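Sequence order for the protein chains is L and H. Its first residue numbered 1, the first sequence is counted upward by one per residue in the working numbering. Its first residue numbered 1, the second sequence is counted upward by one per residue in the working numbering.
It should be emphasised that the hints constitute simulated quantities derived from the structure, not laboratory data. Since we're looking at a predicted model, the values are computed, not measured. Ideal Cβ placement from N, Cα and C applies to all residues, glycine included. Be careful, since some hints might not be right.
Calculated cross-link-like contacts (lysine to aspartate or glutamate; reagent style DMTMM-like; alpha-carbon spacing at most 20 Å) [as the list claims (entries may be wrong)]:
hint	chain 1	residue 1	chain 2	residue 2
1	H	Lys107	L	Glu156
2	L	Lys226	L	Glu152
3	H	Lys104	L	Glu156
Reference listing, derived: stretches of chain H covered by chain L, where coverage requires no fewer than 3 residues with Cβ under 8 Å from a Cβ of chain L [stated by the list, open to error]:
hint	region
4	85-97
5	100-112
To give a feel for the contact side, a few chain L residues facing chain H, derived at Cβ under 7 Å [what the hints assert, rightly or not]:
hint	residue
6	Gly192
7	Ser218
8	Val222
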Amino acid sequence: MDMSRYQSLFLNDTAEHLDALEGNLLVLEGNPGDRESLDEVFRHLHSVKGMAASMHYEVMARLAHRLEDLASEARESGRGLSSPAVEVLLQGLDVLRVQLQAVRGKQSLPPLPEELVLALEKLQGGSRPPPEASAPPAQPAAGSEPARWLVEVVLEESCPAPALRAFVIVNRLRQLAPLVECRPSEQQLRAGQFPGNRLLQVLLGEAERSGLETLGESLLEVSSFKVEPLAPPAAPDGRQAAAAGPGPPPAARPATVRVGTELLDFFFDSVGELISLLSFFEEYSGGVDSRALRHGVRRLGQVVRRLRDRVVQVRMVPVSLLTARLPRVVRDLARQQDKQVDFTISGQEVELDRAIVEALDTPLLHLLRNAVDHGLEDAAARRARGKPDGGRLELSFQRAGERVQVRLRDDGAGIDLERVMQRARQQGLLADGERPGRQRLLELIFQPGFSTRERAGQVSGRGVGLDAVRRDIERLGGRVTVETVSGQGTTFFIDLPLTLAIVPVLLVEEAGAVLALPAQRVERVQAGHEDGAVRLAEILGGAAGGGAGECVVLGGAGGPLLRLVVERICGHREVVVKPLGRLLAAVGPYSGAAVLGDGRPALVLDVDELLRRRAGR
Amino acid sequence: MATRVLIVDDAVFMRNTLKEIFSGEGFEVCAEAANGVEAVEKFTEHRPDLTTMDIVMPFKNGIEATREIVKENPAAVIVICSALGQESLVMEAIEAGATDFIIKPFKADRVIQVVRKALTVRR
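Turn these sequences into a full structure, and let the hints guide you.
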C-alpha cells in the first residue's frame, strides 16, 4: 500500500510524540516513581513504533520497539525507570529525532550508534524480536476503547448519483455515531459534488462496531465498506497541564487547522500593505473637502484594522513552542559543567508573534548558558555559602498590556560590579576619575567586547554575548536590562512587544529623505533644540539641510540618551517593517525598511547604532 | 405474511407501474395516495411496512409528508421516488427521515433491490 501521502502526517505526529516524550522523561528523571509519566512514555513509544512500522521505516520501528520494551518492563515490575534507563531513553529519543530528520530529508536512515546499542544490551540483556512490519497506524493503546472510527466506503462504478448516495450513507451513519468529519465534505455532497474516485471517508465518534458493520450490509451501490478503529486523538489531559516547571508544553488545544507558514506570511504582508494604503487615504482624505470620502475612509479604517488585529492574532503562538526544549538544554549544560540546576519555567501559555518567539531563541539560549556557566556556582561553593546544592534558575513570561515581560532569574553568585568597573576602565569605557553609578555599570556589561571573564569558558566563550543579546532583543522592538545582588543572584528582564512587524514609528524628514524612528524609543519631541543636540544628517554622514529644524529626544532604559535635530517631524505612523538583510543593514544604522502609504520607502533607524556612531565621533 | 406497501404519487401512470412491480414480487399494495395530505392519512389508517413517496405533489409535497409521517412513526420505512436532477430535494427528504431513494424512470429489479435493502435498516 502506498503510504507516501501520509508522509507529512507521519512527520508531524511523530515529532509531536517525540517532544512530549522528552517532557515525560525529564519529569521521570526528577521523580522516577511518577506512574503517569511512565505510562505516557510507553504510549508515545508505542505510537511511534506503530507509525514507523506502517510507513516501512524498519530501523526506526525497531528502535522504538526496544525503547518501548524498556519502558514496559519498568511499568510492569512496578519499580519505575532507573537513572541509567532514563539516560538511555533520552539518548534513544535523540536518535529517533535524527532518524526523523533523515526521513524528512528523504535520506536513508543511519545505523544506530554503537554506544546506544551497547547501553540497551546492558539494560535488557540481549535483543528482542522485531515488531510486525505491518502494524496498522495509530493502534489504540492496550486496554483503551477506541473513541473514533474511520469508515471507508467505495461506491460502485455504476452508481448514477454518487453524491446523493454518499449523502444517504453519511446520514445513516450519523444515526449510529456522532459525525466528526467526512470527505467529500457535507457541503460538497449537498452541492451534488463528489470529487475523487468514488471513495467516501467518514470519521465518527463513539460507536458499536457491530452496529456499523450491520449498517454496511444494508447499503446499496457500494462495492466495499470498511470500518477501522482509530486511537483517540491526543486528548487534553488536565493533569499534564498542571505540571509546573520543566513539564511537557500545555496540552489543551482547541480545534485547529494546519496552514503553511508561507500562506500566513502572505496574509500578513498583504495586511501590511493594506495598512499602508489606509494610511495614505487617511492622509489624503484629510486634505480633500469631501465628507463622503472621509466617511468612506473611516469605515475602511475600521475594517482594515479589525482584519489586522485578527491576522496578527493568527501569527500569535504560545511561547511554549520555544521553551519546551529548554529544560533539556539546561540539563545537558548543567551536566557538562558538573553542576546541579533546578530549572523552572512559568507562563508558557503566553502568546507572542511567531517571528518574535523564533527570534527569541538565540538570545534566551545565550542568557541560559551564561547563567549556568558563569552565574551558578558548583555544589561545593554553594554549600559554603549556605545555599542548597542545586542552583535555581527561573524563567517566567507574563503579559502586561501590549507587552510581554520575560524574566530569567538565577540564585548564583551575582555580577561583581567592582570587576565590571575595573574592566570598563581597562577597556577605556570609563574615564579614569569617573565614578559611575550602579545603573551605568549595569548598562556597561551590554557593551560589545566587554567581559570580566579572562579565560573563555568552555560553554559560552568569553561571555561577550550580552551585546549580541541586547541587539537581538532590540531588533524585535524589545528592551533588556539586568539587576544583580552580589552573592545572591542575577535577574535579566526582557520586555517585548506582542507582535513584531507592525510597528508604530515617528516619521521624520532629513536631508531629503524620509526616515523612521521606533516610537518606543522616542521620549518626546519639541520645536527648536537644546544643548547637546546633534543633527541626524551629521550622524548619517550626509549634509545637513538649513533651517532651524525640530528636535526628537530618544531614550532608553535609563532615560533620555540622544537629542536629534531633523528638518521636519512628519508624524506618527504604523508601518510594516521588513528586515534589510545583512548587506544593506551594514550600509548604515538601519534596522529595517518600511513602505509608506504613498509608496515611498522609509528606512527605520536603529537607535543604539545611532548612539554608537554618535559616541564614535 | 406479505410486505404491505403504500404507493404515493400524483400520476396514475406511476402508481400503476409501481403496483405491477410490487405485485410481481409478492408484495401487497394496501393503499394508494395522490398527494401529501392523503399520504399522511393513508399511512395512519393502514400502517404499511413500506411507503414509496413522490416529491412534487399538490397540497403537500413528499418532503413534508415524510417529515410528518416519520415524526409520528420513527420506524417508518419511506423510499423517495424522484426524477434525475432533483438530488437536492432528495437530500432534504433524507434529512426529513426518508430511508432511501429510487430514480425515475424505474427499472423493476432496481426498485425491488432498493426496497428490500431499505426494509433491513434497523431504526
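Contradicted hints - numbers only: Of the numbered hints, just 8 does not hold.
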